[in-house]
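Chains L, X and R supply the protein sequences, listed in that same order.
Residue numbers for the first sequence follow numbering that gives the first Met the number 0, beginning at 0 and rising by one.
Residue numbers for the second sequence follow numbering that gives the first Met the number 0, beginning at 0 and rising by one.
Residue numbers for the third sequence follow numbering that gives the first Met the number 0, beginning at 0 and rising by one.
It should be emphasised that the hints constitute simulated quantities derived from the structure, not laboratory data.
Just so you know, even glycine gets a beta-carbon here, dropped at the ideal spot from N, CA and C.
Mixed in with the good hints there might be a few duds.
[Stated by the list, open to error] Derived coverage of chain X by chain L (criterion: at least 3 residues anywhere in the stretch with Cβ under 8 angstroms from a Cβ of chain L; other residues may be distant): (1) 130-136; (2) 223-236; (3) 279-288.
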Amino acid sequence: MDLNTPATRAALLPRRSLLQGIAAGGALLTAPGLIGRAQAQAGDAIRLGAPFHRTGIGASYGRWYERTANAALKIVNEQGGINGLPVQMIVEDDGTDPKRGVEVIEKFATEHKVDAVFGHLFSHVVAACAPRAGELKMPYFLCSEGHALAAGQFNRYVFQPSITDVKSQISSMGPWIADNLGKKVALIYPDYAFGYDHRDNMTAAIQAQGGTITASIAIPPTETSFTRYLPRIPFDTEVIYHVMVGPAVLTFVKELGEHLGSRRPEIFGFIDSLEAVPLNQPQLAFLENTYFWEAQPRYAQPDQTEFDKFYRAAVGVDDSGATIGNPQDVATFSHMFSVWETLFAIKRAMEMADYRGPAQKIAMLEAMESIPGFDASNEFPQGDKIFNGKTHQSFGHQHISKFEGGRLNVVHSTTIEDTFYPDETDYTKMSF
Amino acid sequence: MRNLRLFALTIAVLAGLFGVQFVISGYPVLALTRILILAVFAMGYNVLMGYTGLVSLGHALFFAAGLYGAGLAAYYGGVALPIAFAAGIAAAAVLSLVVGLLALRTQTVSFMIVTLMFAQAGYLATLHFSAITGGDQGLSLPAHARSFSLLGQEIALTSATARYNIALAVFAVVLLALYALTQGPRGRLFAAVRENPERTRMLGYDVGRIRLLAFTVSGTISGVAGALYGLMFGFIGSSFAEFRSSVEVLLFTLVGGPGTLFGPLVGTTVMTLLIDRLSGLTSAYLIAVGVLLIVLTLWFPKGILGTIRDRWAPWLR
Amino acid sequence: MNLAPYLLLATLEGLVQASVFALTALGLSLVFGVMRVVNVAHGEFFTLGAVGAWLCAMLLPGHPAISFAAALVAAPLAVGALAWAADRLILKRIDYDPEATIVSTIGLMYVIQQVVLMTFGPDARAVDAPFWYTIRFPWFGWSGYKVFIIVVAVALVGGLWLAMRHTRFGLIMRATQYDRETAQNFGIPVDRVYAAVFALGAMFAAVAGVLVVPNSQAHYLMGHDPLLMSFVVVIVGGLGSLPGTVAAAVLIGMADGWLSVFFSPTLAKIFSTLLVALVLVFRPAGLFGKAVRA
Chain L
0 MDLNTPATRA ALLPRRSLLQ GIAAGGALLT APGLIGRAQA QAGDAIRLGA PFHRTGIGAS
60 YGRWYERTAN AALKIVNEQG GINGLPVQMI VEDDGTDPKR GVEVIEKFAT EHKVDAVFGH
120 LFSHVVAACA PRAGELKMPY FLCSEGHALA AGQFNRYVFQ PSITDVKSQI SSMGPWIADN
180 LGKKVALIYP DYAFGYDHRD NMTAAIQAQG GTITASIAIP PTETSFTRYL PRIPFDTEVI
240 YHVMVGPAVL TFVKELGEHL GSRRPEIFGF IDSLEAVPLN QPQLAFLENT YFWEAQPRYA
300 QPDQTEFDKF YRAAVGVDDS GATIGNPQDV ATFSHMFSVW ETLFAIKRAM EMADYRGPAQ
360 KIAMLEAMES IPGFDASNEF PQGDKIFNGK THQSFGHQHI SKFEGGRLNV VHSTTIEDTF
420 YPDETDYTKM SF
Chain X
0 MRNLRLFALT IAVLAGLFGV QFVISGYPVL ALTRILILAV FAMGYNVLMG YTGLVSLGHA
60 LFFAAGLYGA GLAAYYGGVA LPIAFAAGIA AAAVLSLVVG LLALRTQTVS FMIVTLMFAQ
120 AGYLATLHFS AITGGDQGLS LPAHARSFSL LGQEIALTSA TARYNIALAV FAVVLLALYA
180 LTQGPRGRLF AAVRENPERT RMLGYDVGRI RLLAFTVSGT ISGVAGALYG LMFGFIGSSF
240 AEFRSSVEVL LFTLVGGPGT LFGPLVGTTV MTLLIDRLSG LTSAYLIAVG VLLIVLTLWF
300 PKGILGTIRD RWAPWLR
Chain R
0 MNLAPYLLLA TLEGLVQASV FALTALGLSL VFGVMRVVNV AHGEFFTLGA VGAWLCAMLL
60 PGHPAISFAA ALVAAPLAVG ALAWAADRLI LKRIDYDPEA TIVSTIGLMY VIQQVVLMTF
120 GPDARAVDAP FWYTIRFPWF GWSGYKVFII VVAVALVGGL WLAMRHTRFG LIMRATQYDR
180 ETAQNFGIPV DRVYAAVFAL GAMFAAVAGV LVVPNSQAHY LMGHDPLLMS FVVVIVGGLG
240 SLPGTVAAAV LIGMADGWLS VFFSPTLAKI FSTLLVALVL VFRPAGLFGK AVRA
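Between the sequences and the hints, there should be enough to build the whole structure, so can you do that?
Given below as structure tokens:
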């Protein structure tokens, strides 16, 4: 142990130990040197807080979020920053933990004094942080695809300007699945909120097409083996719909393959199951000729836009969605674009409000609400999208890809309108 | 015989904590608020582990009972915050009494597993009944649960000053109550049960009842912390019921010094600040924390205050 | 599907689960039984075994069976050496104080976890099974590799049992477990026995890690559940009782599988968790344990 930390020094002096310990604690909290960088003065830069999942269960995603954010930040600053001010990004690890997430939001608001926070992904962390961000009057931009925001559960400081929420993703898939794969669908999903979003919305979407749900199989989050749940899939099932997340996904696919053998029904999954996982490995051979939802195609398609090319080059990702020169290092491609686009959405709103500091905060938020959408561009490489200022949620194109020869080829893309559903809230009626 | 020096220290610490808010501002105040709440949790844990010598691995259950009791009352019942707070404490008290009656049939390692299993069942229940609890995504408390009136005064939980002083008030009440409990005859009984249950029994005391009292007090105080945390941060979710919470509170107590009145506060402060500061310096902060924990056990095997007590200040208990 | 094949599948799966539980639990049981300390980093030794299997697969090209066999030897040895060092450098110096051991092994857990995260990375990585064979039942298919897991587990458990009964080392371990002071007085080098036991326990966890990788994957947080479950198995089985540990592993593995046939999975987990708690409440020394000595 370093005997020179104030806390231990104090602890070694018995008499005054506690008072000194507390005083030392206060000093430790405020000591700028320990933060590792001098505190900048307000007004000389735009500071953005980035709470990424560096450790914990979200670390796979967090690493790519950070990498994408750094690439986008570099471009923003090369182009002269925002309103002539350089943009700084301060990254904190939230451990993919709601408790630590809230601490980090407080730290951003009161210690780093950032202008906005962006980049949270896992929905339980978001759910814990959003109320606190609102109380601290901290603009809070999500890259999470959760539906809680558009459902009206948060507040006027929270936005999701890039990634389409899970409700739209699923409801836009339903008609295609029922028309092309089959109308008797068995659902396999994790037994918690993320899975319920899929269960509820997909059930509704399939029933709307005149189909039926033959089985609804919820798998506990701690499960590492799945074989014993698979007999619940009835024999007359035409489509298996799966969305599994976490490290056990490969096991799931392998066991599904062993269980069903060659007599398998059609299979449709959400790419969340296989984000950051290389597809051309023997464990996944069973998925050949199955279908996946993708927000942004991992493999460059024949009709690849120049924006997609630009984006891949900037992040350092090749045409198969892996780090250039390391095909095993696969990106979380259908999620991480949201970090890139969100940064440019913040830039857009700040420019509209001529943002120079917290004095223009409300103006910036109102500008954000007034944005009707974004065109496909280098700034928005996933494609054009419509932004709903009332629900603070963006809506974009979704893709269905077929797993062929160890890669994913897009076979269908939805229109933006396919993703719409009636507004469930109106944040503009809420006060700041 | 009361421990006058410890009492003086208690008053001095409380006065210092009250005064410090006029010196520091911004993030340190918010961080200290959180530390005080978590320290209450650790103090509750310490009653059982430090003073009575029973190591539980399931105290997340009681923290969560307070959290959900208070949170659900505010969310569904729409009751005023003080009532929701009381509901959370009551939930934790009842649950710890029931679990205590069962778990205390076991001791040492079996006791660890039984408490762990009850806590895991509680955690899974928060997931299973997600129609009510919101599961892992939890529930955000509505606006009406963000303020309350006290003696005609409207107090908003969004104000940093109000938050700090509420946390401090609860901390002070718990600290003084624990001072009275542990430094009085009851505290000596706890220690007697810890050091030699057989002899205590032969002296005519009902060891089972003393343990049950310690267990219930411990669980209830943990619930106080949980209820306070839920209402203060406006979010209740299943991750607070996870095993990790139970380990965290064990760690806070062990680092500070089990069986000392201020050990939990010191442990919580040291660990919280350490993680908070180190994570700003390096993304590998967990290595530093890990190494520090190992070094700590080599040099301070009884925790920081426990070692100081043994070597220099026997009154620090 | 009819109930009968369903139950058959649940039983087979339960056996695999029980095998993994038994292996990880045996390691913990040794440490716990002989040294009376809780090693919180036990799950991390399991993780390291799995990561070792992945590393061998990366370094050794050719048939997966070769690298797998190499991993079965190399990973436990490396992990055992690490554990031995941890015992010499940390546990011995704190004199196996129960509380300090918990704190320091939590510290060790943090260090190992973070080092694995920084080197191995946050992603789950698969390792090829040494052989591919699917057993086809009329209703479903089942991985032949899982049978291999069961066989290895049975062999190792049997081997350990024989070693405990019939070798000098086993005798020394049992003596140390029974009474540390007396053992010392009889000239048993208790210190070295402790280090060996700690290393051996870690090696069992590492073997279990290597074994599960072809079936599941290596991931830096994978040690959490095995730690919890093996802890439970050890206590339910009864401290220091080898047959008890095995029986508890089978019981818990099976209960988990069967209950999930009849209840929603999460509800089944709640029931099996409460079942464990209640078993201990009414048999505090575990199923096969003798009354706890003070």
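The hints, checked one at a time:
{"no.": "1", "hint": "130-136", "result": "holds (count 4)"}
{"no.": "2", "hint": "223-236", "result": "holds (count 4)"}
{"no.": "3", "hint": "279-288", "result": "holds (count 5)"}
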